[in-house]
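Trainee: Sequence:
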Amino acid sequence: MRPTLRSLAFGTVALLGTAALAQQPYTWVFTGTIYGCTPGQVVTVQTIQGTQPSQTVTATVDTLCNYTAVLYVASDPAWAQVSTLCNGMMLTGWDSAQFNFFLDTAYTVIDLSCNGGGVDCLGIPNGPNVPGAPCNDGDPLTVNDVWDINCVCSGTGQTFCQASFTVQQGAPWEILTQNTSTGMAPFTYQWWLPDGSSSNLPEPSYTFNAPGVYGLCLTINDANGCSSYACDTVVVDSLGMINTGAIWFDCLGILWGPNVPGSPCDDGDPNTMGDVWNANCGCAGQGGGWVDCLGVPNGPDLPGMACDDNDPMTSYSFWTWNCVCVADTMNGFLYDCMGVLNGPAMPGTPCNDNNALTFNDTWDGSCTCVGSGGLPCEADFIITQAYDSLQGPIPGTIWVFFLNNGGQGFTYAWDFGDGTTSNVPFPSHTYSGNGPYVLCLTVSGFGCTDTYCDTVGVDANGIILPMGAQSQGFTINVMGATTAIDEVEVLSEVAIAPNPVNDVLTLSLNSSRSGALLADVLDINGRLLLQQRANLAAGANTLRLDLAHLEAGSYLLRLNTDGAIRTERFVRGH
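Its first residue numbered 1, the sequence shown is counted upward by one per residue in our numbering.
Think of the hints as simulated: they come from the structure by calculation, not from any bench. Note that beta-carbon positions come from the ideal geometry of N, C-alpha and C, so glycine has one too. Keep in mind that a hint or two might mislead.
What the hints assert, rightly or not - Okay, the calculated beta carbon distance ranges per label pair:
| hint | residue 1 | residue 2 | range |
| --- | --- | --- | --- |
| 1 | Asp62 | Ala210 | 46 to 54 angstroms |
| 2 | Thr451 | Thr320 | 44 to 52 angstroms |
| 3 | Gly262 | Pro131 | 36 to 44 angstroms |
| 4 | Ala538 | Asp266 | 14 to 22 angstroms |
| 5 | Gln168 | Phe249 | 48 to 56 angstroms |
Full structure from sequences and hints, please.
Mentor: Written as structure tokens, this is what we have:
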């Protein structure tokens, strides 16, 4: 598949498909841009090459020429074609997808151009990076790197291996494994069994003691140093019989349950009817009146109408659009938070809470002067390998994510550990050797000073290591959270537990809106180790990541929703 991901605007496109299609085990989401489109232009997405069930969906481009469509399929792998009519000529593009234990949803981006020609593998209209053209896969062990038909940059000379296995029923409550891995013998094997234990046998068996849904993973290493892992899920029923089919849960979290998108539900609102589960597993009614700001069906207390804010100092109040009763300061009298008639000290305006450890003090809705808390001059940064989503790690370049964002009113002092310094928030610096160097940052301002240090160095290939061999130097680029770790308020109250983690990491967060979440686990070299997708609901969400296959050490968890990125750090224990 094309490696580019696009934010999904689920609210602007009608996701086509019946409840029967939605019960298929795999979801395939298509997005893209029709360059040079016309208003109302229709894009058609259809299954090909025997993909089941056979289906065709359509989507209309939005004002920015973007489209989104969804297929529900049972085939693995699956194939589909995207087409649209441009100036009397039919343009087409196709892609395939495979699904596994961690991903039962695939995302594909296919762009087409109505201006003559298509877009290349880097998304450039009529660009040179087309299948068959030279590229760089970032692997020094390969040669003759070219773009293939799926726009994947790959070379020759590298030895590949693939972990693979099947599971069969043994006696009741027992499974037997069959190892179908490929590569250069001899192999070493490492199995992670459902109870958390491990085995290095080629084909171990396992006996369950209770029904449930269990995971099973295999990592192989071959004679050429190639490593690969694969996972699968097993469902065990109350009689000890196993099922290795695709695992999915309905909108109430019931395994293979009936509460799928399009089926009836109850949203708890007596004023709606025809309630059904939508594509985001929200139970939504089909109208039947309104509820006013006091919760009265078809009541009179609507935004703009008069209300009583219970403040004897105001003369007239009204409901706002979000049903808050506020005073009309134009036609009445209003005392500010200092008791001054029509004074300036209103909620949201600056104040001073007389606490030297807080900043950005403002009056809140109850006229209490509060600050944002903590030291505003916190010095903190994360060191990772520079990484390109197409080429992989970028040798000789290190990214330093500065979490303070370089706000106004602060002073910054970078000490690069090689006798050079800088006083700008986001410097770039090139080292003459491999290190390791002690990189320190001191931030001062608003009555406090904070210093943070970490070591940085690379090996002979320019890849980050705590202690490296000789190399020809490397460059660090310091970037703020506004460009690399976007702390926008899409996600809030993010918490991961336990930390350190052994096998399963639980992620809890609040989202300001529904949509798609992409959770990436990266090592300290910036390499992507695990990617898991989930649908977020507005409000509280919980996601669990199986990390039993990771080695002990430090990792980054990168969360991406609608282009807003947040990064958390965690440790995998022994």
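Trainee: Take the C-beta atom of Ala538 and the C-beta atom of Asp266, compute their distance, and say whether it sits inside 14 to 22 angstroms.
Mentor: holds, 19 angstroms
Trainee: Does the Cβ distance between Gly262 and Pro131 fall inside 36 to 44 angstroms?
Mentor: Given range 36 to 44 angstroms: holds, Cβ gap about 39 angstroms.
Trainee: Cβ-Cβ distance between Gln168 and Phe249: within 48 to 56 angstroms?
Mentor: Once the Cβ atoms are compared, 25 angstroms apart, the range 48 to 56 angstroms for Phe249 and Gln168 is violated.
Trainee: If I claimed the Cβ atoms of Asp62 and Ala210 lie 46 to 54 angstroms apart, would that claim hold in this structure?
Mentor: holds, 49 angstroms
Trainee: Is the hinted range of 44 to 52 angstroms satisfied by the C-beta distance from Thr451 to Thr320?
Mentor: Since the Cβ atoms of Thr451 and Thr320 sit about 46 angstroms apart, the hinted range of 44 to 52 angstroms holds.
In terms of the numbered hints stated before, the structure departs from hint 5 and from no other.
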